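Chemist: Listed here are the chains, written in short residue letters.
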Amino acid sequence: MFGTAFPSSDLVSSSFGVATIATLTTALLALIGLSWVSERWRLPVALSGAALLASAFFYFEASQTWLATQQMTAGPRYVGWFVVQPLQVASVFFFARIAGPVPVGVFWRITVGAILMVLSRFLGDGGIFNPTLGVLLSMAFWLYILGEMYFGAMNDAVRKSSGPIRLGYFWIRLIMTIGWAILPILHFVDVVIGAGHQRGIIVLYTLADFVNLITVSMIVLAVAGKERF
Amino acid sequence: MFGTAFPSSDLVSSSFGVATIATLTTALLALIGLSWVSERWRLPVALSGAALLASAFFYFEASQTWLATQQMTAGPRYVGWFVVQPLQVASVFFFARIAGPVPVGVFWRITVGAILMVLSRFLGDGGIFNPTLGVLLSMAFWLYILGEMYFGAMNDAVRKSSGPIRLGYFWIRLIMTIGWAILPILHFVDVVIGAGHQRGIIVLYTLADFVNLITVSMIVLAVAGKERF
Amino acid sequence: MFGTAFPSSDLVSSSFGVATIATLTTALLALIGLSWVSERWRLPVALSGAALLASAFFYFEASQTWLATQQMTAGPRYVGWFVVQPLQVASVFFFARIAGPVPVGVFWRITVGAILMVLSRFLGDGGIFNPTLGVLLSMAFWLYILGEMYFGAMNDAVRKSSGPIRLGYFWIRLIMTIGWAILPILHFVDVVIGAGHQRGIIVLYTLADFVNLITVSMIVLAVAGKERF
Amino acid sequence: MFGTAFPSSDLVSSSFGVATIATLTTALLALIGLSWVSERWRLPVALSGAALLASAFFYFEASQTWLATQQMTAGPRYVGWFVVQPLQVASVFFFARIAGPVPVGVFWRITVGAILMVLSRFLGDGGIFNPTLGVLLSMAFWLYILGEMYFGAMNDAVRKSSGPIRLGYFWIRLIMTIGWAILPILHFVDVVIGAGHQRGIIVLYTLADFVNLITVSMIVLAVAGKERF
Amino acid sequence: MFGTAFPSSDLVSSSFGVATIATLTTALLALIGLSWVSERWRLPVALSGAALLASAFFYFEASQTWLATQQMTAGPRYVGWFVVQPLQVASVFFFARIAGPVPVGVFWRITVGAILMVLSRFLGDGGIFNPTLGVLLSMAFWLYILGEMYFGAMNDAVRKSSGPIRLGYFWIRLIMTIGWAILPILHFVDVVIGAGHQRGIIVLYTLADFVNLITVSMIVLAVAGKERF
Chain A
175 MFGTAFPSSD
185 LVSSSFGVAT
195 IATLTTALLA
205 LIGLSWVSER
215 WRLPVALSGA
225 ALLASAFFYF
235 EASQTWLATQ
245 QMTAGPRYVG
255 WFVVQPLQVA
265 SVFFFARIAG
275 PVPVGVFWRI
285 TVGAILMVLS
295 RFLGDGGIFN
305 PTLGVLLSMA
315 FWLYILGEMY
325 FGAMNDAVRK
335 SSGPIRLGYF
345 WIRLIMTIGW
355 AILPILHFVD
365 VVIGAGHQRG
375 IIVLYTLADF
385 VNLITVSMIV
395 LAVAGKERF
Chain B
175 MFGTAFPSSD
185 LVSSSFGVAT
195 IATLTTALLA
205 LIGLSWVSER
215 WRLPVALSGA
225 ALLASAFFYF
235 EASQTWLATQ
245 QMTAGPRYVG
255 WFVVQPLQVA
265 SVFFFARIAG
275 PVPVGVFWRI
285 TVGAILMVLS
295 RFLGDGGIFN
305 PTLGVLLSMA
315 FWLYILGEMY
325 FGAMNDAVRK
335 SSGPIRLGYF
345 WIRLIMTIGW
355 AILPILHFVD
365 VVIGAGHQRG
375 IIVLYTLADF
385 VNLITVSMIV
395 LAVAGKERF
Chain C
175 MFGTAFPSSD
185 LVSSSFGVAT
195 IATLTTALLA
205 LIGLSWVSER
215 WRLPVALSGA
225 ALLASAFFYF
235 EASQTWLATQ
245 QMTAGPRYVG
255 WFVVQPLQVA
265 SVFFFARIAG
275 PVPVGVFWRI
285 TVGAILMVLS
295 RFLGDGGIFN
305 PTLGVLLSMA
315 FWLYILGEMY
325 FGAMNDAVRK
335 SSGPIRLGYF
345 WIRLIMTIGW
355 AILPILHFVD
365 VVIGAGHQRG
375 IIVLYTLADF
385 VNLITVSMIV
395 LAVAGKERF
Chain D
175 MFGTAFPSSD
185 LVSSSFGVAT
195 IATLTTALLA
205 LIGLSWVSER
215 WRLPVALSGA
225 ALLASAFFYF
235 EASQTWLATQ
245 QMTAGPRYVG
255 WFVVQPLQVA
265 SVFFFARIAG
275 PVPVGVFWRI
285 TVGAILMVLS
295 RFLGDGGIFN
305 PTLGVLLSMA
315 FWLYILGEMY
325 FGAMNDAVRK
335 SSGPIRLGYF
345 WIRLIMTIGW
355 AILPILHFVD
365 VVIGAGHQRG
375 IIVLYTLADF
385 VNLITVSMIV
395 LAVAGKERF
Chain E
175 MFGTAFPSSD
185 LVSSSFGVAT
195 IATLTTALLA
205 LIGLSWVSER
215 WRLPVALSGA
225 ALLASAFFYF
235 EASQTWLATQ
245 QMTAGPRYVG
255 WFVVQPLQVA
265 SVFFFARIAG
275 PVPVGVFWRI
285 TVGAILMVLS
295 RFLGDGGIFN
305 PTLGVLLSMA
315 FWLYILGEMY
325 FGAMNDAVRK
335 SSGPIRLGYF
345 WIRLIMTIGW
355 AILPILHFVD
365 VVIGAGHQRG
375 IIVLYTLADF
385 VNLITVSMIV
395 LAVAGKERF
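Residue numbers (the working numbering), protein chains in the order written: chain A, 175 to 403; chain B, 175 to 403; chain C, 175 to 403; chain D, 175 to 403; chain E, 175 to 403.
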């Protein structure tokens, strides 16, 4: 992970390092938890665990890259997001479906929405089309997903359900509202304003991932565990 | 995976990166799913999971190679195909056999057919014999496999079976018809026309693998899961 | 782990090497143990196992770094501590909760306390603010955690419980009192006095981790096992 | 596995690559199968799976070595054979013992025989003693093992048993007769005649391993599976 | 494992390579066996499996180091011994305790004895104190452990027990008497006489580990298996 000894003042290396070990450990706990949670909880837990592992994989590579070259670009981040964000959205869908029936169409809409959300930012960042358009499009898709979560069938299913599920859903949705908002904002500063992929922005991206990924997965796991312990 | 920080505009690195993480995560989900699906579903799920893992292994190595040398040849791809495509065909056989009795001879015919399909393309690409002949031969073997799937004993077994299996088989067969068609076409452009192993072709190959591998495995897993959830 | 052949007299390499293999092996035993301990013991065992694995990960990287560059800084250590110490504290909480009811608020207080304990030392070490302040703050958080362990709800729950749990809790608490005391002291010598990250200090840090991590995890595992064997 | 992009025409790299992924995937399937086969089948399946994994390990290293240095020697091959061939022979013993009682002495005789078979070739190849003598000795040990398989207690036990076991044993024995015959022949050409460790010989060695390892393990797994599916 | 292609005549590389693959495979078999052996056998099997894995880890690193630098020192070996030998002694303790009650004090005495046995050799080798003293001290601790095994509570417990356990204990003890005797002898030749860490000595060390580790673990596993198969 760190081929060279970096000082604590190197915040990027530190944040990448912590993100790697933290996502890896949380993924481990999620996978261990898989064998405990009751059957109906397996799918959301497995999906969020897979998202964590994919993210750990990214951060491991990212720290190596950073320490070797002292620079980081958005490219590898998108590689991670393309897998992680659809997985998380799918995890939320199956989380909600435990509370009550949710039409499978919702699954396709929000999963594809998440892929397009990443894709449009990606194309803007890669200069395939206008970055500003990329940001706006990705925000549109993000808002659509939020719409499904706040006013769609998932919300209806959860509203009628037991305390822990309702509480967990509330928090997950909140994190995806606030936490995911950071991404287009940072993207705007980075690409549109053209501040570039600076250290500060990298650390903020990492912190955002931290909240979005680890807390969400831990909430899923905790609610799933509530039924057993 | 990425020893250097690549920009989003480097589509090859991005596609390889996404393919690596995506196949790895899907393989993980398939292996996790193994412990859930009912016993008779284990074999097709295990085989498609193994195919995913073999492919993840290939893409991991491929991204490293690309980032180190900025070039990619067909060699490593064939290494992957030699294992992945027979595994997938075998997975389809055991998928169909769940629906009803299928003579084991079919298994040998389509598995060997898949190996020869890759081999003939390989020999053509490696210049052991005429590339055009390689393409034509591989297409012949591919069409034979399709013939078994459309008109053979597998189709008969599936036609009589329950909804999900029939639907899953329909989609898998469709993907193997359209998705696998891309391979000889790209091979023709690459080797016969002699466009060479360009970035565009590499990305298209990767996208083809994406559809052929991940969706097929997810369909197998989903149909298998239907029986439990 | 060791890319070069080092003599036994190279105490840093030796200590890093032993720490890597020892934490890795203990983590393995903890994860194996998971499938044996009775259900209520799973959570503390899983958490201490995860802490061991995260630490093994750190030491593996640390030995590589050391042998490649013959130098080590505090940076990577904090990367490990940020994950390991909160995990251990959480493990103690769930350990105590087996003995009797402990309000979940305690969990949040000591876990956040552990994160802040590491963070304040980290910020001091990184020069974000005054090192001495960092030491003092981290000691304050550490003492708060000890306070919870000695006089808080966890202690009450454990006091009423069976022999092994009470004994185990006593030892874990003792180790966290003495063993964790080494960290701020070494930090003080290293950063505040400015002795720098010398070989002697590195070895002492490693020995401290050794006691704090491996013995604590083994105690958790042993007490959990007592119920079965 | 492949640090550089090799063309399909590089048959050594291709064969090493395919061997790596194929043995790895087959080992995975064998280990997955372990949790399905009935208890009495576990030992032979586990042993052949272990043999596959050891071989995958060898081929992974071999491809790396080849691509880095464009040369391969017999040294690493023997490293693999020392572990793989005794494991396979042991696997056959426990395979036969399922059919009926086989004195444990047979186990010791054929396992030690397999070790000596590799050792004598190894010593000849390493120039510790006369290569021709090495070939002759190894063939003697190999013929002894075949003798046990054709006329020994294993054959008696199997002859009385059910169809699948008898059929499987027949094929395994046949492969060990023909497939293993390639090794001393290649060794003779390589060392005694002194053709050296050329590309052609390397590929033939790999193909031999392919047949000897993967097919044998798959037969063991298939026969074991017959009892369940 | 082998970054370069070495000839069979390079006995060190060959022995390191074989040791790596052999310990790794045996560890795999031990871990697989864990899920078969009856509950009371789990602990000794797990401990010897962990010892094998720790040793495989060492040998993997050792071969890499050797092939990269063509030299090996005692340093890394001690790293392995510090973990492996206490684990093995602990494994023997729990092996004996299955036969009958053994006071837990014996566990602490022989485990600490094993650590001190390695430590004293280590300090002598590292020049922290007189090598001859190191050898003598380590032999004293080793003889103490043997004393516990021959005349202590473990022997009493085993003597009254069933055939396989008594036989297994007899062999394990014998191996620890003869096999472990090689270590101080080699150490004496290496350090005290000052022959240095030559190729011959390295190979002998590896062979000693081979006998001490793999056979002992296999005996534990075999005796444990006797109860099931």
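Among the hints, erroneous ones may be present.
Chain copies aren't distinguished; within one or between two, either way the pair holds.
Unchecked claim - Under the rule of at most 25 Å between Cα atoms (straight-line distance), these lysine to any residue pairs were calculated in the SDA-like manner:
1) Lys334 <-> Phe344
2) Lys334 <-> Ile206
3) Lys334 <-> Leu378
4) Lys400 <-> Thr389
5) Lys400 <-> Trp282
6) Lys334 <-> Thr351
7) Lys400 <-> Arg283
8) Lys400 <-> Gly279
9) Lys334 <-> Thr389
10) Lys334 <-> Leu348
11) Lys334 <-> Tyr324
12) Lys334 <-> Leu297
13) Lys400 <-> Val286
14) Lys334 <-> Leu317
15) Lys400 <-> Ala355
16) Lys334 <-> Phe281
17) Lys334 <-> Gly300
18) Lys400 <-> Arg214
19) Lys400 <-> Leu341
20) Lys334 <-> Leu381
21) Lys334 <-> Gln245
22) Lys400 <-> Ile349
23) Lys400 <-> Phe384
By construction, these hints were calculated from the structure, which means they are not laboratory data. All values reported here derive from a predicted model rather than from experimental measurement.
Chemist: Could you work out which of the previously given hints the structure breaks and list their numbers from low to high?
Modeler: Structure breaks hints 2, 3, 12, 15, 17, 20, 21.
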